[in-house]
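The opening residue of the sequence shown carries number 444 in the working numbering; numbering runs sequentially from there.
The hints are simulated quantities; they were obtained by calculation from the structure and are not laboratory data.
Check the hints yourself; a few may be wrong.
As the list claims (entries may be wrong) - Taking CB as the label site, the calculated pair distances span:
hint	residue 1	residue 2	range
1	R474	P625	17 to 23 Å
2	R489	R530	20 to 26 Å
3	I460	R529	24 to 30 Å
4	V491	T620	26 to 32 Å
5	G607	A503	40 to 46 Å
6	D533	S606	35 to 41 Å
7	Y462	R605	22 to 28 Å
8	S606	P499	29 to 35 Å
9	P509	R448	25 to 31 Å
10	G607	E506	35 to 41 Å
11	P625	P509	43 to 49 Å
12	A498	C463	32 to 38 Å
13	L540	T620	31 to 37 Å
Just so you know, even glycine gets a beta-carbon here, dropped at the ideal spot from N, CA and C.
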Amino acid sequence: MHVVRAPGRVNLIGEHIDYCGLPVLPMALGRSVRLAFHPRSDRETRLVNRDPRFAPSAFAVNESIPPAPAGDWGNYARAAVGAVARRFPDLRGVDALVESDLPIAAGLSSSSALVVAMALAIMHANRVTMPSLELMELLGRGERYVGTAGGGMDQAIILGARSGYASRIDFHPLRLTPTAVPA
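Make the full structure from the sequences, and use the hints.
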């Protein structure tokens, strides 16, 4: 059994401008999405959420995963796995338990944290890696699968945060510059 964690985030400066390519200043939170998983020997991925409001979700891992109905939480996992599968074909799936202490729909990027956690799990299960900046960009584009048009801030800070620091994020090219936050 393996566990990955992806924190939520708060944005200090620059709300809703990342998708215009403008710089932002977010930082990660202590609250997170956690995903306990084990690799499977086939291409199936099965997810169970500890929160009973979310039904189990299952899908086959490939480069073009059909979406569940609009609004289904499993679409965020599909977004992550599809993005990674387009970069690394022939991936095995995982069985996973998802839990989170991030409030839902509170502007703390719980959905993006799920995307990042799922990507980290599928990559770990298949022993594949890529540079952090590349993964940030891949998942920023990949989350558009669910119909969002974000600019990549969430994925960048979730993957690139440092404890005690906010990060100025520039997008062209993608660059994170840590800035100490007073205690």
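Taking the hints in turn, this is what the structure says about them:
A hinted range of 17 to 23 Å holds for the C-beta pair R474 and P625, which are about 21 Å apart. The given range of 20 to 26 Å is respected by R489 and R530, whose C-beta atoms sit roughly 22 Å from each other. A hinted range of 24 to 30 Å holds for the C-beta pair I460 and R529, which are about 28 Å apart. Between V491 and T620 the C-beta distance comes to about 39 Å, which lies outside the given range of 26 to 32 Å.
Hint check: G607 to A503, Cβ distance near 41 Å, so the stated range 40 to 46 Å holds. For the pair D533 and S606, the supplied restraint of 35 to 41 Å holds, since their beta-carbon distance comes to about 36 Å. For Y462 and R605, the Cβ-Cβ distance of about 24 Å falls inside the hinted range of 22 to 28 Å, so the restraint holds. Distance hint for S606 and P499: a CB-CB separation of about 34 Å, consistent with the stated range 29 to 35 Å.
At about 28 Å, the beta-carbon gap between P509 and R448 stays in the expected band of 25 to 31 Å. The given range of 35 to 41 Å is respected by G607 and E506, whose C-beta atoms sit roughly 39 Å from each other. Checked against the hint of 43 to 49 Å, the pair P625 and P509 passes, with Cβ atoms roughly 48 Å apart. The supplied range of 32 to 38 Å is met by A498 and C463, whose beta-carbon atoms lie about 36 Å from each other.
Between L540 and T620 the beta carbon distance is about 36 Å. The supplied range of 31 to 37 Å therefore holds.
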